Amino acid sequence: RMLRANVDTVGGWAALAAYPTTAGVLRRAALPGTVSRIANVGRLLLERTDPDLLVTRLGAITGCRRLARGRILELEHLSRPSDVTIPAHPSSLVVEEIGDLQRQLRIELRSEIVAVFADGALIAGAPDLMCLLDVSRGTLATLDSLEPGDLVDVLVTPADAIWYSPEGMRMVGMISHGIPLAHPRRR
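Residue numbers (the working numbering): 1 to 187.
The hints are simulated quantities; they were obtained by calculation from the structure and are not laboratory data. Certain hints may be false.
[To be verified] Now the in silico label distances, taken between C-beta atoms and shown as ranges:
1) P32 with M171: 15 to 25 Å
2) L73 with S165: 31 to 41 Å
3) E76 with G33: 29 to 39 Å
Predicted, not measured: the structure shown is a model, and the values here were computed from it. Backbone N, C-alpha and C define an ideal beta-carbon position, used for all residues, glycine too.
Produce the entire structure from the sequences given, and follow the hints as far as they go.
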């Protein structure tokens with residue numbers, strides 16, 4: 001229980017294993033503006049504002065956009081075998097879009113959202129950063145808090161350009177999550 005509470009509180013930092021380094025090395029390896037963007041996003045999320053306004057403000061800071069708004073129809077914890085190199089058991093979420101398009105979205109989950117399909121077509125995938133916004137609360141939804149019937153916004157933020165390079169895609173792209181499909185940017 002303590003580990004789970006720790007991970008919920010500090011996220012990926014709970015599993016951080018770092019090595020001694022210099023500021024010079026970090027300066028060359030860091031993505032400029034990352035810490036400032038994270039702090040600005042954190043301030044926005046603490047405001048708990050109207051979901052539409054929140055998405056607009058997040059978009060101004062991170063470039064995120066709403067892929068769809070819909071109701072969760074089904075949450076599957078799949079029994080299909082998983083590669084031992086993939087850290088979490090595959091699960092899927094089915095969302096029925098509300099509004100004009102009324103698409104059916106299938107969201108593939110590992111320890112994070114790794115792909116979003118709309119009516120069977122891949123519309124976002126790792127290394128894109130995807131998340132769900134709980135529309136009724138105006139907050140980010142944690143994957144283990146989702147229930148059928150919840151109204152969510154499916155958001156996508158482009159990763160830094162370096163992650164879309166061939167080397168980056170090998171490390172964090174769709175194939176690294178066990179999904180052997182080309183990223184939408186690569187088609």
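We went through each hint and held it up to the structure:
1. P32 with M171: 15 to 25 Å: At roughly 20 Å between Cβ atoms, M171 and P32 fall inside 15 to 25 Å, so the hint holds.
2. L73 with S165: 31 to 41 Å: 36 Å, holds
3. E76 with G33: 29 to 39 Å: 37 Å, holds
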